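These are the residues of each chain, in order.
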Amino acid sequence: MKFLPLVLAALARRKVRTVLTLLSVTVAFILFGLMIGFNATLEHLGDLAHPDRLLVQARYGAIQLPDSLKERIAAIPGVTHVTVRAFIPGYYRDQKNFAFVVGFDQDAAVVVPDAKVSAAQYQALDQDLTGILLTRAYAKTFGKKVGDNFPFKAPQIPRADGGQTWNFHVIGIMDDMESSPGGFALTSLKAINLGKANSARYKGNTFTLLISDPAQADAMASRIDQAFANSGSPTHTVTEKSILQNAFANAGIDIGFVTEGVAGAGLFMILFLTGNGIAQSVRERISEFAVLKTIGFSDGGVMVLVVAEAAIPCLIGAALGVGVAAWLAHIFPTLLPRNVGLPMPRITPPVMFYALTSAVVVAFLSAALPALRIARLDIATALSGRAA
Amino acid sequence: MKQTVAVLAMNFKSLPSRFWPSLVVVVGMACVVGVLLSMMSFTVGIVTATTNSGDPGRAIVLSPSAGEEVSNLPHSDLSLIADAPGIARDADGKPLAEAEALVTVPMVNKVKHFDSEMGLRGVGPQSLKLRPKFRLVEGRLFQPGKRELIVGRAAQGQFANTRLGDKVILPDGEWPIVGVFTVGGDLNESHFLADRDTVMTANKIATYNSVLVRLTSPAAFAGFKAALLRNGTLQVSVERETDYYLRTTAQFSGFLNAIAYMIGGIMALGAIFGALNTMYAAVAARAREIATLRALGFGAAPVVLSVMSETLILCLAGALIGACVASALFDGNQKAVGSNVFNLTISPGLVLTGIIWAMVVGLAGGLLPSIHAARLSIVDGLRAS
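Chain order of the listed sequences is A and B. Be aware that the first sequence starts at 42, since it is given in this note's numbering, and climbs by one per residue. Be aware that the second sequence starts at 804, since it is given in this note's numbering, and climbs by one per residue.
If you are wondering where the hints come from, they were derived from the structure by calculation, not from laboratory data. Since we're looking at a predicted model, the values are computed, not measured. Don't take every hint at face value.
Claimed, not checked - Derived pair list, reagent style DSS-like, types lysine-lysine, alpha-carbon separation capped at 27 angstroms:
#1 Lys913/B with Lys970/B
#2 Lys157/A with Lys186/A
#3 Lys185/A with Lys157/A
#4 Lys244/A with Lys1028/B
#5 Lys231/A with Lys1007/B
#6 Lys111/A with Lys915/B
#7 Lys936/B with Lys1028/B
#8 Lys111/A with Lys282/A
#9 Lys194/A with Lys244/A
#10 Lys157/A with Lys194/A
#11 Lys936/B with Lys282/A
#12 Lys282/A with Lys1007/B
I would like the entire structure built from these sequences, with the hints used as guidance.
Here it is in structure tokens:
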């Protein structure tokens, strides 16, 4: 602690340099926080995936699965519950307002408990074919409350009445589902099937199912696909765990490489800056360090001084940067157009810890050479002014 | 002018003595431009492939306001469309218009071993004449009516089970790969091609996805489009092929660019603080020199110019290093986005973007220090150690 005033005095000596260094470090850690925080989000989403839940979809886009496959999937040993999920791609009023509208049958209450919809609500949806539930997020995005109309346009789905618009009305608001923070709208499978033209009914949907033994998830996926391989409706079954990974892989983005690469480039950038700053500061104060050593500071003592001088802006910058990153992650969703369903970075305690550890490493690396130089400093040479 | 040249010369001769501080600006800039260009090579690559795929002399006809994958056109549309004015004809006098089908085939990405899919385009007799860049590079063409595939050269780099002789499982059984083709960097090179009617039977589809036509000239488009829209029996949308491809990738590339700019922008801000830091230090180190010049009668402008140009040169050097590193690491790397395969591209235009960013950082980081340098008190400067 007795070192602190000395370190602070050193930092205060060149205020412009200290402030600019602090700002660069802060900026680098804003980036670090956003990138590593995004990784944390993906990890979290991965954890939310239910290990015992599988998704069955059509193997070939052109060959739609019939809803009647539900019973045959349910009959496969190891499958405990199956629900049929319909999805209508479209938008609310204007093409810019893309919205997810899905329909489940009543078994979803068991298969998708995380959707926070009660069995009674599923029943209500089944009885009111124009009824729809919105998540809190959607109610807010679209400014809707119970009783409001929710006209939804889906040009790709042929409707029984020949039109394109589904005239839903909001019959309830449901809690947000953690795995889809952007929100969604829920109607019933029955409503979607009956709304569609005859030729499009009872097919083209996917199946969500639970299995009794999560350890067998991959084996169950291949067992289901094998069961339908030579049928008229071949399937492609995936585990919920693999969906997120595959989404990024199919977008051609090695997300871990990108986030860590960018965070690393930011740190590399400031490593030179802090390293140069501390070297310059030490060079300017060679004689001061010589005096300190003369009055009894040990080699280790002066090294601590140098490292501390590098570490203070690094640590403060890291804390500020990560704080700003958390604030940005908080306000980003309000700035983005609502059809961008990009998950936001999460500044979790491990992310903070990672940031602070990185700051310490940067501080040590940048202070290493100047600190060694000071430790090896020959007092007589330095005091005579010949050491510069 | 003469003063400026003299100051600049002196300035750059003294640069080596400020090697390490200057390196801060160079490395910072290299990181910013390297990251920016690496990320944008993705968009440039996909836009290049998209642009290669479109031909202003071709038009694509789809069902109203749809992408090709979800479009459906009844059989009767082909002859109606082929009768429209403005369509070029082949040597036999047949119109260069062809209906095509596009379906997906589940495949495994062989680079990272994940489940993915490839496009399978069912083509008709005129389709290959519509694409003059088409070349068969291995094996032979599929035979009409037979369950045979040919595969694009680009797809072979990304998907497993795509060599000549491999068998691909389709809904009605195994189809052998009998040939390999290129089509000039077109996105179709990421697909399979096969006989259209056989593909449609296998996938139990009754409607075409698109009709592609070769126009007599790019200028014939307006007349062709107007004729189709006038035809009461047709319910279609007509686009120049180049416009269609740009429209379908615009949202994706716009989103990626926005992320690249955001990350690049944050890093550039850090680089500006770094440049400010270095340049203030450089001015402090040159205080005596600058004061001497001013005492000798040199004006403020040459001093400002000398500090500014030093910053800009350092930033430029950093930008070029960043561009070189990004090119060495990523330029030409093959990527698959869904079923589209393309190469990451660091184009000259992209390097120019990097240089412009560097200049902006240089101006922002050099301005205050250069003004500070010009305002230094001569007396204090001469006393500086």
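Status of each hint after checking the structure:
no.: 1; hint: Lys913/B with Lys970/B; in the structure: 16 angstroms, holds
no.: 2; hint: Lys157/A with Lys186/A; in the structure: 18 angstroms, holds
no.: 3; hint: Lys185/A with Lys157/A; in the structure: 19 angstroms, holds
no.: 4; hint: Lys244/A with Lys1028/B; in the structure: 35 angstroms, violated
no.: 5; hint: Lys231/A with Lys1007/B; in the structure: 26 angstroms, holds
no.: 6; hint: Lys111/A with Lys915/B; in the structure: 32 angstroms, violated
no.: 7; hint: Lys936/B with Lys1028/B; in the structure: 25 angstroms, holds
no.: 8; hint: Lys111/A with Lys282/A; in the structure: 22 angstroms, holds
no.: 9; hint: Lys194/A with Lys244/A; in the structure: 20 angstroms, holds
no.: 10; hint: Lys157/A with Lys194/A; in the structure: 26 angstroms, holds
no.: 11; hint: Lys936/B with Lys282/A; in the structure: 42 angstroms, violated
no.: 12; hint: Lys282/A with Lys1007/B; in the structure: 32 angstroms, violated
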